[in-house]
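S.K.: Make the full structure from the sequences, and use the hints.
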Amino acid sequence: MIQVEGLTKRFGPITAIQEVTFSVNKGEILGFLGPNAAGKTTTMRILTGYLTPTAGRATVAGYDVMEESLEVRRHVGYLPEDVPLYPEMTVRDYLAFWARLRGLDRAQARIRAVIERCALVGWEQALIGRLSKGYRQRLGLAQALLHEPEVLILDEPTGGLDPRQIIEVRELIRGLAGEHTVILSTHILPEVSQTCQRVVIIHQGRIVAEGTPEELNARLKGSDQVLLEVGRPAPDALEQIQRLPGVVQVREQAPGKYQVTCAVGRDLRPELAALAVHRGWELLQLRPLDLSLEEIFLRLTRE
Amino acid sequence: MRNVWTIARREFAAYFVSPIAYAVAVIFFLILGLFFNYVDLPQQAYYATVADVFSRVTTISLFIAPALTMRLIAEERRSRTLELLLTAPIRDSELILGKFLAGLGFYLVLVALASIYPLILFAFGNPDPRLLITGYIGVVLFGAALIALGTLASTLSQNQILAFFAGFGMVLALMLVGAPARVAGPQMGEVLRALAINSHLADFQMGILDTRHVVYFLSLTVAALFLATRVLEGRRWSG
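Respectively, the protein sequence lines represent chains A and B.
The letter at position 130 of the first sequence is residue 130 when you use the working numbering, and the numbering goes up by one with no holes.
The letter at position 167 of the second sequence is residue 1167 when you use the working numbering, and the numbering goes up by one with no holes.
Hints were generated in silico from the structure; no laboratory data involved.
Positions of the beta carbon are idealized from the N, C-alpha and C atoms, including for glycine.
Worth double-checking, as some hints may not be accurate.
[What the hints assert, rightly or not] Here's a subset of chain A near chain B, in silico, CB distances under 7 Å, partners left out:
1) Thr48
2) Gly49
3) Thr52
4) Leu70
5) Arg73
6) Arg74
7) Pro80
8) Pro84
9) Glu88
M.R.: Rendered as structure tokens:
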């Protein structure tokens, strides 16, 4: 449904994305994961026909983004980051405006359908400027869904929402799979495993990994950083931990709080627990540390 | 064409909830009314002419046209709604044309409301109706050119104030280009005079309908809208 080959975009001396290649199958939800300024938005803007690539090719729904931009735009629904809207319009007027721009035949029926789907019933006459962030997000999504596009491109659809709204939006997006092909971008790791069937990880304008969330988790296994917190550490606790076989590095984050890096593939939690209890350090907590996104990229780019 | 209409309709409606548009309207009618009451009316006792009214309208237009157009693209760019609009299945030229028509539409609403002044002159005097017709043709053509230049100015920046001064500056440059005509020699002087925007206004206000002037304003309008479209397209490369 979406084919991207060697896509490159430069802004003057700055290269935003370089040789980006990936594809998305019909009905799939693809997660675009990367830190801020990794090139996610630039890639999406090219796929929606907003920006012109410097080099490379991309086809969306069978149409070339350069040669057949208008056709691409007809088949894509787009939710930009921060959801730009006209504050002086009402919800219904805004959707009606887009229905006309899209040239929809059954405009009224479609507007009703997206208002229901995005839980905006009762808000039709509300001024957009008065809507909360969550409702603005829903309206943005309603606009993107209005013309029943084959492809949906959603830039950080859960950005700035509260936890309950995040769950609602994620459920909405999951419900779109099959019917629509979806690309969504995020810089939140768990979001990808919860919503997407496949992940592309982009860092500094390049794709560093691609696969299902399970595959990526497996590749990242063996990261094995453990946090050990004790109430009454011995003065030489750091050295004692260091001496345990399999410990690569120990860092004292705060008094009694140790970040222990274990050898790849080894889980030293039993040994650490035994050590702390045996020496009477008062074990307070012992848990594996999640990798930060930055560490994941470092790890993936090192491989 | 339907896309042009869709864009124009939304933009035209937005004028009526925009404080700037109301401020512009107030200034327009205030200056026009003051001049009419204290300068034109006393004179009309001796000269029954509507030329003065038209000349006021065109002079004030130099300021209000860029004020009406400064938001057209700049505001969409600042609020990032332009990003979404440029992913809609419409051509860049349709977007520019729609914005231009909305601006021209609001300008013509102001001009239509200002027709109270020529009507007063008709009620109490005996002006030449031909002056009225050519005068209005001149105002509409001049206004279209100003609104088109303002639309072009609005594509250049996301700052409305900068867009205003860019639009005003373009018109000012088109007026000043005629200034050195007298010292530029016969041929060059003729060219400069032909380029200057103000040299094309006087005939309309004297009841003369000259196709050269019509062509001048129409070409200026089309050229400005064409350039505005190219600037917008260029932004797709530079982001």
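S.K.: Going through the earlier hints one by one, which of them does the structure break, listed in rising order?
M.R.: Per hint list: zero violations.
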